[in-house]
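Chemist: Read top to bottom, the protein sequences are chains A and B. Residues 1 to 488 (our numbering) are what the first sequence spells out, left to right. Residues 1 to 488 (our numbering) are what the second sequence spells out, left to right.
Hints should not be assumed to be uniformly reliable.
To be verified - Here are some of the chain B residues that sit facing chain A, going by a computed Cβ distance under 7 Å:
{"hint": "1", "residue": "SER112"}
{"hint": "2", "residue": "ALA191"}
{"hint": "3", "residue": "THR361"}
{"hint": "4", "residue": "GLY401"}
{"hint": "5", "residue": "ASP465"}
{"hint": "6", "residue": "LEU485"}
Please keep in mind that the hints were generated in silico from the structure rather than gathered at the bench. Note that the Cβ used here is the ideal one computed from N, Cα and C, for glycine as well.
2 protein chains.
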Amino acid sequence: MRKALESVVGSDHVLIGRDDRLGRTGGLSYVDLLRHRGTGELAVPDAVVVPADPDEVQRVVEACAEHGVGLVPFGGGTSVVGGVQALRGDKESVVVLDLCRLDELVSVDPVSRLAVLRAGVVAPEAERLLAAHGFTLGHVPQSFERATIGGFAATRSAGQASAGYGRFEDMVEGVRMATPRGEWRLGVSPASAAGPDLRQLVVGSEGTFGVITEVTVRVRRLPTARRYEGFVLDGWTRGAEAVRELAQSRVLADVTRLSDPHETDMAFALSGGWKTALLRRYLRLRGVLDPCLLILGWEGGSDAEIAARRKATLRVLHRARPVPVGTAVGEKWRHGRFAGPRQRDALMDTGVCVETLETATYWSTVDTLRSAVRAALVDSLTEHGRTPIVACHISHAYETGASLYFTTIVPRDADDPFGQWTRAKAAACAAISANGPLGTISHHHAVGVDHAPYLPAEIGALGVDVLAAVKRELDPEGVLNPGKLLDR
Amino acid sequence: MRKALESVVGSDHVLIGRDDRLGRTGGLSYVDLLRHRGTGELAVPDAVVVPADPDEVQRVVEACAEHGVGLVPFGGGTSVVGGVQALRGDKESVVVLDLCRLDELVSVDPVSRLAVLRAGVVAPEAERLLAAHGFTLGHVPQSFERATIGGFAATRSAGQASAGYGRFEDMVEGVRMATPRGEWRLGVSPASAAGPDLRQLVVGSEGTFGVITEVTVRVRRLPTARRYEGFVLDGWTRGAEAVRELAQSRVLADVTRLSDPHETDMAFALSGGWKTALLRRYLRLRGVLDPCLLILGWEGGSDAEIAARRKATLRVLHRARPVPVGTAVGEKWRHGRFAGPRQRDALMDTGVCVETLETATYWSTVDTLRSAVRAALVDSLTEHGRTPIVACHISHAYETGASLYFTTIVPRDADDPFGQWTRAKAAACAAISANGPLGTISHHHAVGVDHAPYLPAEIGALGVDVLAAVKRELDPEGVLNPGKLLDR
Numbered sequence: 001m002r003k004a005l006e007s008v009v010g011s012d013h014v015l016i017g018r019d020d021r022l023g024r025t026g027g028l029s030y031v032d033l034l035r036h037r038g039t040g041e042l043a044v045p046d047a048v049v050v051p052a053d054p055d056e057v058q059r060v061v062e063a064c065a066e067h068g069v070g071l072v073p074f075g076g077g078t079s080v081v082g083g084v085q086a087l088r089g090d091k092e093s094v095v096v097l098d099l100c101r102l103d104e105l106v107s108v109d110p111v112s113r114l115a116v117l118r119a120g121v122v123a124p125e126a127e128r129l130l131a132a133h134g135f136t137l138g139h140v141p142q143s144f145e146r147a148t149i150g151g152f153a154a155t156r157s158a159g160q161a162s163a164g165y166g167r168f169e170d171m172v173e174g175v176r177m178a179t180p181r182g183e184w185r186l187g188v189s190p191a192s193a194a195g196p197d198l199r200q201l202v203v204g205s206e207g208t209f210g211v212i213t214e215v216t217v218r219v220r221r222l223p224t225a226r227r228y229e230g231f232v233l234d235g236w237t238r239g240a241e242a243v244r245e246l247a248q249s250r251v252l253a254d255v256t257r258l259s260d261p262h263e264t265d266m267a268f269a270l271s272g273g274w275k276t277a278l279l280r281r282y283l284r285l286r287g288v289l290d291p292c293l294l295i296l297g298w299e300g301g302s303d304a305e306i307a308a309r310r311k312a313t314l315r316v317l318h319r320a321r322p323v324p325v326g327t328a329v330g331e332k333w334r335h336g337r338f339a340g341p342r343q344r345d346a347l348m349d350t351g352v353c354v355e356t357l358e359t360a361t362y363w364s365t366v367d368t369l370r371s372a373v374r375a376a377l378v379d380s381l382t383e384h385g386r387t388p389i390v391a392c393h394i395s396h397a398y399e400t401g402a403s404l405y406f407t408t409i410v411p412r413d414a415d416d417p418f419g420q421w422t423r424a425k426a427a428a429c430a431a432i433s434a435n436g437p438l439g440t441i442s443h444h445h446a447v448g449v450d451h452a453p454y455l456p457a458e459i460g461a462l463g464v465d466v467l468a469a470v471k472r473e474l475d476p477e478g479v480l481n482p483g484k485l486l487d488r
Numbered sequence: 001m002r003k004a005l006e007s008v009v010g011s012d013h014v015l016i017g018r019d020d021r022l023g024r025t026g027g028l029s030y031v032d033l034l035r036h037r038g039t040g041e042l043a044v045p046d047a048v049v050v051p052a053d054p055d056e057v058q059r060v061v062e063a064c065a066e067h068g069v070g071l072v073p074f075g076g077g078t079s080v081v082g083g084v085q086a087l088r089g090d091k092e093s094v095v096v097l098d099l100c101r102l103d104e105l106v107s108v109d110p111v112s113r114l115a116v117l118r119a120g121v122v123a124p125e126a127e128r129l130l131a132a133h134g135f136t137l138g139h140v141p142q143s144f145e146r147a148t149i150g151g152f153a154a155t156r157s158a159g160q161a162s163a164g165y166g167r168f169e170d171m172v173e174g175v176r177m178a179t180p181r182g183e184w185r186l187g188v189s190p191a192s193a194a195g196p197d198l199r200q201l202v203v204g205s206e207g208t209f210g211v212i213t214e215v216t217v218r219v220r221r222l223p224t225a226r227r228y229e230g231f232v233l234d235g236w237t238r239g240a241e242a243v244r245e246l247a248q249s250r251v252l253a254d255v256t257r258l259s260d261p262h263e264t265d266m267a268f269a270l271s272g273g274w275k276t277a278l279l280r281r282y283l284r285l286r287g288v289l290d291p292c293l294l295i296l297g298w299e300g301g302s303d304a305e306i307a308a309r310r311k312a313t314l315r316v317l318h319r320a321r322p323v324p325v326g327t328a329v330g331e332k333w334r335h336g337r338f339a340g341p342r343q344r345d346a347l348m349d350t351g352v353c354v355e356t357l358e359t360a361t362y363w364s365t366v367d368t369l370r371s372a373v374r375a376a377l378v379d380s381l382t383e384h385g386r387t388p389i390v391a392c393h394i395s396h397a398y399e400t401g402a403s404l405y406f407t408t409i410v411p412r413d414a415d416d417p418f419g420q421w422t423r424a425k426a427a428a429c430a431a432i433s434a435n436g437p438l439g440t441i442s443h444h445h446a447v448g449v450d451h452a453p454y455l456p457a458e459i460g461a462l463g464v465d466v467l468a469a470v471k472r473e474l475d476p477e478g479v480l481n482p483g484k485l486l487d488r
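Taking the hints into account, I'd like the entire structure generated from these sequences.
Modeler: Here it is as structure tokens:
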């Protein structure tokens, strides 16, 4: 098998060194980090293959299918759901396919506002390459610094500015995917009634149907003006209602992010200093008992355009009696918005269990879902005298509903750090999946290994059968990303 | 079999009379109308089944699967691509399942702005039911007067106000579908990263995977203000560029419809009278050599809101030097916008071949595609001294591209009316499918029988295999809507 891979990519690009393999073994979830710190088992691949282009990817995929070797596509390695764990499934060996050499902007169509990017382009590099043509993708998830274009498509990513720029699936106009049955290209028009939209079957397929090698994305003019600012609303219910009204009036800011009182309190505590103390006093004076921080951000072609859009937003927001707390708060959030993962590493060093999880639901269920997940996390993690902090925010709002993003911080259980979190996560997932379910098992983190057991509750046994049928059709040997998406 | 069906729906709801069966035999394409006038063969079903609710539909579907009887779901019967032809495929008998009794608004969630509608609700009735709650769907395709909610979902419909309200697929939040393998329900949140979006696999499945029985749709506040008006731009190229700039600046009116010079000329000719003569003279005086009519329509909650949006649109439109021709032109278009199909019937009586077809592509290909389709139609239909009129408009614009809708009028070939149009249509489809392809084989008419041969060029052989695999999974006996979508 090694010979077969070397004949495709050259012997320099089949890596079998310990560090090379350890470096592509799992993602960035809390349990992944625990594993790297010695708790739990690491799924280490037998080799790492680094093809140069889509054609080499195609031949690697075919070689793996021929030899019955598992293949795990690997972009930025930022999965927090076990999406890039080098599991073997029923195969004897598994290789990781690192897409880092597929790092080109292939073409730009400035008239149609389309760009073709290779799957391995890291987000900041994509922005740099597009900026040279005057364009932006505007896709800024928290994983921005390391995540790739292919990963965004494979996982149905959503960025912090989704209200303005759309989810990644809204940007995908075409895909090129290497499957064991040959290359599959999709995308000939912005919209179509030529049967089901198969692009939306590829987006979110998490490397189980094929390896995405190129994505044709919709781009926008690079913004030349920007305004981020903070407001404080009194109470979660009023806050969520305000965001709902902005969404349903279709005057959302490009970034719209509402923290619940717990998260707001945490943000104030982390800021510290006399300015924050002054802010707390000011809010009390204004009669705000239960502060919820709302960050709004607009980006556009001119200050006038932003002023007009801001005016429309504030006209609706006004009813919720927001207390403006200034652009410094907004800018501070903007500058720190990719820092979460790094802060988590630092916190872990101090003996803390810190992790996030997320879901989404329709507006009428948002409060029920938030309470249910919160209760599940608090109940599970309150033990041996430990009390968790469970904070929540809405970062993606739609006309019909919103996402809920939870951050949990609790002193680490030194005896069973792995079990401490996996039990809490299971309790939260059960709360989401119960009763209907109450919401989706993932709004933007994807399924991977961790959420696969909860997928049937969401899409039905028939839905799982349909996905399995598509996989059998495209990957009859079952070599692609074993153990992900489907729990079978 | 008849007993089995009667035991589900009652003997009153299994219709076997000649007129009942003839009334559900095909749709409203030109060749369908020719068939009803005695040219070509009608595919008449053996029976018409009229279930009362989703449970009865489920049991009818299971009975057909058990007995190996073909089943054609039938809503408004407005398909123009053969989507409801009662074909048998490899089955000995075929029944039409008429959804007209599934005519309820099941529930409204005013907080989440969601409504659950049964599949058989006709569009005007859906609007009436929703209006009682202060809501609208805003979905107004030309088939509005007769088409159903289930049909909109099954065919990936797009309405004339798609720029404002979205395509029907954008409105679908959930579906309930009866399949031979059991009922399949989808939709728990406005957006999700829990694998591929399977709702987008159901939307556009044209009754081949199952019978859609209920659709959960996003609704909007009923508009209380409205403004429709006309502008004339000089030349197709400038006109299309203006629409592109509106789309890319994200200031499209809710309805945005640009006619090419041929269609504009036809509209002026049909209006006739001294007012039109005056308008033509006025345009010449203003230096407009090649008039292209642009209809813009806004709907909203107040005149002020519409004025603000109109201002933003006109600021961008201004660069194309539009000549305003007033709200009367806009209102006239609005009042006549569902009349096309009826006009066609009248024209047919006078010995005319009249039919439409449509496609969509990215902006940089719009001109090439329009020229190619136009040339194919003109070449094919110019024979025996006949000269066709081929008119075109853009009625759906996106940031990355637009739809192209062609209307063809030519004296009917009395000897071979069927061949005259089917040859022209084949030439147009070949022009769309060639070279890449140039565009989608259907932007909103769907695939049905007529476009099935062209689907592989668009989604690849693998795409067709994937659809076939999904069908095998959900409909192992292959009883659902034989001969549609897949040309196998």
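Chemist: If a hint holds in the structure, say so; if it doesn't, say that too.
Modeler: Cross-check of the supplied hints:
Because the smallest distance between the Cβ of SER112 of chain B and any Cβ of chain A comes to about 4 Å, under 7 Å, the interface hint for this residue holds. Because the smallest distance between the Cβ of ALA191 of chain B and any Cβ of chain A comes to about 6 Å, under 7 Å, the interface hint for this residue holds. Look at THR361 of chain B: its Cβ gets to within about 5 Å of chain A, closer than 7 Å, so that hint holds up. Hint status for GLY401 of chain B relative to chain A: holds, with the closest Cβ pair at about 4 Å, below 7 Å.
The closest approach between the C-beta of ASP465 of chain B and any C-beta of chain A is roughly 6 Å, which is under the 7 Å cut-off, so the hint is satisfied. Among the interface hints, the one on LEU485 of chain B holds; its C-beta lies about 6 Å from the nearest C-beta in chain A, closer than the 7 Å criterion.
The earlier numbered hints are all upheld by this structure, with none contradicted.
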